[in-house]
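J.: Let chain F serve as the given structure and place chain X on it in line with the hints.
Protein chains in written order, with our numbering: chain F, -6 to 357; chain X, -6 to 357.
Simulated from the structure, these hints should not be mistaken for lab results. Possibly wrong hints are sitting among the right ones.
Since the list can't tell identical chains apart, any single copy or any two copies may satisfy a pair.
List of simulated lysine to aspartate or glutamate pairs, EDC-like, C-alpha gap at most 20 angstroms [claimed, not checked]:
id, residue 1, residue 2
1, Lys42, Glu2
2, Lys164, Asp79
3, Lys220, Asp100
4, Lys220, Glu104
5, Lys5, Glu34
Keep in mind that this is a model prediction, so the values were computed, not measured.
2 protein chains.
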Amino acid sequence: MKEKNSLLEAYKQSKYQLVGHGPRNGQVLKEAFKDIDGHQESDIYGTGKVIGDFEEKMAKYLGKKAAVFFPSGTMAQQIALRMWCDNKGIKRVAYHPLCHLEIREEDGLKELHHIETILLADENRVIELEDVMGMKEDISCLLLELPQREIGGQLPDYKTLEAISKYCGEKGIKLHLDGARLYEVLPYYKKSASEVCELFDSVYVSFYKGIGGVAGSILAGDEAFIKESKIWKKRYGGDLISLYPYIISADYYFNRRIDKMDQYYEEAKELAELFNKCDFLTIKPLKPVSNMFHVYFDVPKEKLEPVMIEVFKETGIGLTNRLNDNKDGGCYCEISTGDNYENIPKEEIKKALKILDSVITEII
Amino acid sequence: MKEKNSLLEAYKQSKYQLVGHGPRNGQVLKEAFKDIDGHQESDIYGTGKVIGDFEEKMAKYLGKKAAVFFPSGTMAQQIALRMWCDNKGIKRVAYHPLCHLEIREEDGLKELHHIETILLADENRVIELEDVMGMKEDISCLLLELPQREIGGQLPDYKTLEAISKYCGEKGIKLHLDGARLYEVLPYYKKSASEVCELFDSVYVSFYKGIGGVAGSILAGDEAFIKESKIWKKRYGGDLISLYPYIISADYYFNRRIDKMDQYYEEAKELAELFNKCDFLTIKPLKPVSNMFHVYFDVPKEKLEPVMIEVFKETGIGLTNRLNDNKDGGCYCEISTGDNYENIPKEEIKKALKILDSVITEII
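Bound-form chain F, shown alone (with noise of 0.2 angstroms):
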């Protein structure tokens, strides 16, 4: 039995949250369905209207001739890169130090498919031109995240961007985009999603973190790329006999929030602005290119976490549901800004930062 997480209890009791949406309980669905007619029918192993819909009009919206639906984004990206890699017969891909495939999926992608990775760019940083210009192997695809989440969803300049995909085209690299976040990056470079989207030859985006769906994922690319991906979605197992409950509820989360992004994102700035004003601890970036950013404090999360709960308990501000340890001793947390945020009275965040940031004084 894993030991009950205090700080996402004091967090869960308290009368505002901070971060995202709202809880993700049973009414997410739910609400989802509300509307939905008892006779929809189910998707079938990838068929049918509610999927061939829903691919055609995310196809669309990311600029993409072809889209298809997975369950997971874990599954979509290895199965991007592993094409990739088969395109090319060059089993090596690169991407970031703290990219998801790297660090949060059990060594997926190597032990699946065996595929060798090179890790470019620093881990505090973001990865540039020379990064990708330095690398002394070939490689079959590249594979940017935007934004770079570990690291507190930092955002490469949108030229740079456009001067990789130009190098990238010119040397028969591939280039990847993990756009779990990406509609949350948009009101920051002022494109489309399809303008950003062109810069890359495969795309995946999620519906269950700025969209706040229940979970699911899009690959996006050329017809023959996403007509390949779905062989490979049977391989993996992830071609459900009904994936409805996803794609229904992605459909009605990306309706209603997709246009709420440039406000999470303002949301987000004036809320950085609040935690900046506090001495304890520092914030990155500095100023948010996206609806997110991540706190870091001097302070072991041992000590860090009863204090927090005293704070959310005397202010009723729920400030975060997970503190990181940081290599460096101390820990952080992410904050994102979801429709939460818009519910809270700004003065009842002041008060609990400032009170966060006293009572650090006494345990730093």
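T.: Here is chain X on its own, set in the frame of chain F:
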């Protein structure tokens, strides 16, 4: 665009559908969630009460130490075989020539794991003890499917099962159960699920065949095996942030139908007798040993389909939604009884079969 499947359409539009529990539509999910409180928390990446409780319940039902919920059986079974191969250090398994892994998974086992497969027995019969004893090469795991779906749901004698289990135990061969339709054979064997599963080292069961849920499966075995399977589940991208839409519906329909398996079995035998009265078709097995049998016609699919559609329209009885080409130039369909059957007047079924039989004489 796939061409319109007119047999499927005619089946759906019939007053009665002979097979299964009813249409696969949104109502299946909505009904399972009708009484679920919106505050019901989601599972989060394989943890949480909703997934933990169901895994525990199914482990107990199957008489195994532990269980894990997977989005699909394809994923669960490939992982089970991979682990048994790693365990023994021999990348070779054996199963029936018409095993799901061999014919319906785009060779995932071979493409992802490079596992060699030995095909036991003739395509038209189940695996017997002699087939297992006759293997020249050592294997890590033998997979048995109960019932053998692609040949109409045939079963070995229970004594044969016990003998195979004993032999494998002695030879250090792990025995894995493809129990996609395990519940459906318990009435014939007159055994509990845990009695059957005791003969196997690992077991997979499904929730959308006899149970009629939305999708999903359980893999069960000892604690170390299940613990490691969770690592592979993450590697495959099957460790979704939320699997509760499948889990809650699996649990709901399991509770609703697990005690109806006797009824489905008796009904299948009754229905098989009606089919057996027809002159121009044969069924396999002649006497069902589960809720399933296959119906063979000496007529090519293209000739039978339009005739069958007319029978559906004339009689209001949709007999099948799909005809499959058979190697001998004829065709066949699968019949499985579920909740639909009890609501259809038997005289109407007899009438439909009589008309079908007579119209086949005209095209044979």
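J.: All hints, please: hold or fail.
T.: Quick rundown of the hints versus the structure:
{"no.": "1", "hint": "Lys42 / Glu2", "in the structure": "between (41 angstroms within a copy, 14 angstroms between copies)"}
{"no.": "2", "hint": "Lys164 / Asp79", "in the structure": "within (17 angstroms within a copy, 39 angstroms between copies)"}
{"no.": "3", "hint": "Lys220 / Asp100", "in the structure": "between (25 angstroms within a copy, 16 angstroms between copies)"}
{"no.": "4", "hint": "Lys220 / Glu104", "in the structure": "between (24 angstroms within a copy, 17 angstroms between copies)"}
{"no.": "5", "hint": "Lys5 / Glu34", "in the structure": "between (36 angstroms within a copy, 11 angstroms between copies)"}
Checked against the numbered hints above, the structure violates none of them.
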